[in-house]
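S.K.: Chains as they are written, first to last, in this note's numbering: chain P, 1 to 369; chain F, 1 to 156.
Simulated from the structure, these hints should not be mistaken for lab results.
Some clues are possibly wrong.
[What the hints assert, rightly or not] As a list, the in silico PhoX-like pairs of lysine-lysine whose alpha-carbon atoms are at most 25 Å apart:
{"hint": "1", "chain 1": "P", "residue 1": "Lys347", "chain 2": "P", "residue 2": "Lys121"}
{"hint": "2", "chain 1": "F", "residue 1": "Lys48", "chain 2": "F", "residue 2": "Lys61"}
{"hint": "3", "chain 1": "P", "residue 1": "Lys214", "chain 2": "F", "residue 2": "Lys2"}
{"hint": "4", "chain 1": "P", "residue 1": "Lys214", "chain 2": "P", "residue 2": "Lys121"}
{"hint": "5", "chain 1": "F", "residue 1": "Lys61", "chain 2": "F", "residue 2": "Lys2"}
{"hint": "6", "chain 1": "F", "residue 1": "Lys48", "chain 2": "P", "residue 2": "Lys191"}
Predicted, not measured: the structure shown is a model, and the values here were computed from it.
Given next are the chains, with one letter for each unit.
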Amino acid sequence: MKKENKVLGFLRDNTVPIMFIVICAVCIPISGFSASYLMNEIVTRMGRNIFLILALLIPIMSGMGLNFGMTLGAMAGEIALIFVSDWQIWGIPGVVLAMILSIPISIVLGAFCGKILNMAKGREMITSYIISFFMNGIYQLIVLYMMGSIIPIRHFSVKLPRGYGIRNTVSLLNMRQCLDNLLAVRVAGVKIPVLTFLIIALLCLFIVWFRRTKLGQDMRAVGQDMNVARDAGINVERTRIISIVMSTVLAGFGMVIYLQNMGNIATYSSHSQIGMFCIAALLVGGASVDRASIGNVFLGVVLFHTMFIVAPKAGAQITGDSMIGEYFRVFVSYAVITLALVMYETKKRKHKSLMAQQLQQEQKEASAS
Amino acid sequence: MKNARRLFFRIGAVLVLVAVAACMMVIGRGHTVYIDNKTLEYEGETYKAYYRAVVYVDGKKVSTLAARERGMATNIGQSFTMTVGIVEEKGRDEVPHEITIKLPYNMDGVIINIPGYMAGLPQEAWMTEFVSAPSEAEMQEEAPTEEEDILAGAEF
Numbered sequence: 001m002k003k004e005n006k007v008l009g010f011l012r013d014n015t016v017p018i019m020f021i022v023i024c025a026v027c028i029p030i031s032g033f034s035a036s037y038l039m040n041e042i043v044t045r046m047g048r049n050i051f052l053i054l055a056l057l058i059p060i061m062s063g064m065g066l067n068f069g070m071t072l073g074a075m076a077g078e079i080a081l082i083f084v085s086d087w088q089i090w091g092i093p094g095v096v097l098a099m100i101l102s103i104p105i106s107i108v109l110g111a112f113c114g115k116i117l118n119m120a121k122g123r124e125m126i127t128s129y130i131i132s133f134f135m136n137g138i139y140q141l142i143v144l145y146m147m148g149s150i151i152p153i154r155h156f157s158v159k160l161p162r163g164y165g166i167r168n169t170v171s172l173l174n175m176r177q178c179l180d181n182l183l184a185v186r187v188a189g190v191k192i193p194v195l196t197f198l199i200i201a202l203l204c205l206f207i208v209w210f211r212r213t214k215l216g217q218d219m220r221a222v223g224q225d226m227n228v229a230r231d232a233g234i235n236v237e238r239t240r241i242i243s244i245v246m247s248t249v250l251a252g253f254g255m256v257i258y259l260q261n262m263g264n265i266a267t268y269s270s271h272s273q274i275g276m277f278c279i280a281a282l283l284v285g286g287a288s289v290d291r292a293s294i295g296n297v298f299l300g301v302v303l304f305h306t307m308f309i310v311a312p313k314a315g316a317q318i319t320g321d322s323m324i325g326e327y328f329r330v331f332v333s334y335a336v337i338t339l340a341l342v343m344y345e346t347k348k349r350k351h352k353s354l355m356a357q358q359l360q361q362e363q364k365e366a367s368a369s
Numbered sequence: 001m002k003n004a005r006r007l008f009f010r011i012g013a014v015l016v017l018v019a020v021a022a023c024m025m026v027i028g029r030g031h032t033v034y035i036d037n038k039t040l041e042y043e044g045e046t047y048k049a050y051y052r053a054v055v056y057v058d059g060k061k062v063s064t065l066a067a068r069e070r071g072m073a074t075n076i077g078q079s080f081t082m083t084v085g086i087v088e089e090k091g092r093d094e095v096p097h098e099i100t101i102k103l104p105y106n107m108d109g110v111i112i113n114i115p116g117y118m119a120g121l122p123q124e125a126w127m128t129e130f131v132s133a134p135s136e137a138e139m140q141e142e143a144p145t146e147e148e149d150i151l152a153g154a155e156f
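Make a model of the complete structure from these sequences and hints.
M.R.: Here is the structure:
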C-alpha cells in the first residue's frame, strides 16, 4: 500500500516530464531522424538556451514565481547587440562588449520591473507578463523611431533606408557562433561547444554558491514566507528587487549567447516569445512555480527541444502536413505552462484546506478539554 | 565606513567594466580589407599591376589576383598582416612579401593597392576607404508592419 502511494506520488510530482518522455519516445522513431543528427541538434540548442533558462531560477528562489519579465533582459541584450553591430565590433570582443552594454539597461529595466512586482505581491507572474508587453511597446518606440534619429546609428546594414529605425533583421554574421566554435570538439560526429558549456557551468556554480550566501539565504527566506522574513529583519522589498535585477541581467547575457548562436537578430520579434518558451522548457524539466533546480533546467531543455525538433517531422509523417507538428509544439508549450499553473494552484488549495482542517480539529479538541 | 567601502567596490567594478568595454572596442573592431592588384597613377607616375599576386592571411590562401583584380579579407583589430606572393611577369617565380598595415579605426572597408604599397608610396596613395553601396533589396526595405513582423513569433 505504502509502495503504491509512493509510486503514485512520484507520478503525480513528475507528470509533465513523464508526459514529455512519452511524447518524445513516440515521436523520435516516427520522425526518422538519425541519432547523430538528433544529438547535434539537442547539444546546439542546449548551448543556445540553457543560460537563458538558468536566469529564471533566482526569482523562483525568492518566491516570485516564473519571471515572464525576463523578456526585458532579452530586449536589453538585443539593444546592446544592435549597438555592437553598428560599431562593427566582431567576434568574441563583440559578444563581451554586448554583454557589458546590456548590464546597465538590464539593471534599469529589472529595477523598474521589481518595483512594480512589489506593488503586486501574489500576482507576480501575470504582472511580469503584462510588463513585458508594456516594455515591448517602449522597445518598438526606441528601435523603430529613436534609433537613427535621436540615438546615433550610422551603419547602413543596421539602419533602415528611410534614415531612422532598425532593419527587420540585423546580421550578426561576424560573430556567429564565435563562442560555440572556440574550443569546440567533435565527439562521434557531434559538435560540442565547450566554451559555451564552460560559461553555463560557471553560472551553475555561481547559482549553487549564491544560494549559500547571506543574500541567497535571505531570498529563500523571503520565498518561504515574506512576513516571517520581514520579522527576521530582512528587507523583503529590496531582496525581491535584487532577485529580479539579477534575473534580468542574466537574461540579457543569455540573449547575447542565444543570438550569437543564431547569427542574426529578428529585431522586432526575437524577444517576443523567449520568456514563454524558456518557462515552458523549465516546467517540462519538472520545475514548479515555487521550486526549480539546475537539474530541472537541463532535463527540461533536453526534453522540450527533442519535442521541438521531432514534432514537425513526426507530424508530417503522420498527417502529411508538417504544420500540424508546428502547431502541436506551440500548443504543447502553452499547455505545459497552463498545466503547471493549475497543478500549483490545486496543490496550494489542497494544502490550505488541510491546514484549515487541522486548525478546526485543534480548536475542537481545545474546546472539548 | 561600511558604506564607503561598498561604494568604493561599486565604483571599482564599474571602472573595470568600462575599461574592459573600451578594450573590446579597440581589439574587436572589424574591418573588411580589399586588396587591389591594379595599376596606380600617383603624382604623374604610373605603378603597374603585377602579373599575379597571391594573398595569404594567417597562412591560408585568400585569393589569387591577376592584374586589375581585387581580393577580400576580413580582419579583427587595427593591425592587418598578410603575405603577398608576387609574380612580376609571366614565367618568373613567386616572391613572398610580408606586409603589416595599421588600419584606421574609422574605416569599415579599406582598399589597399599592392603595387602602390610595394613602391613605398605614402599611405594616402595606396590606402583608400571602401564605401559599399546598399543593394537594391536593402534600399527598398521598409519599416515593419504590425501584422508581419512586430507581432510575429521568433524561432526558438
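S.K.: Next step is simple, just say for each hint if it's right about the structure.
M.R.: The hints, checked one at a time:
no.: 1; hint: P/Lys347 - P/Lys121; result: holds (19 Å)
no.: 2; hint: F/Lys48 - F/Lys61; result: holds (23 Å)
no.: 3; hint: P/Lys214 - F/Lys2; result: holds (16 Å)
no.: 4; hint: P/Lys214 - P/Lys121; result: holds (23 Å)
no.: 5; hint: F/Lys61 - F/Lys2; result: violated (60 Å)
no.: 6; hint: F/Lys48 - P/Lys191; result: violated (48 Å)
Checked against the numbered hints above, the structure breaks hints 5 and 6 and satisfies the rest.
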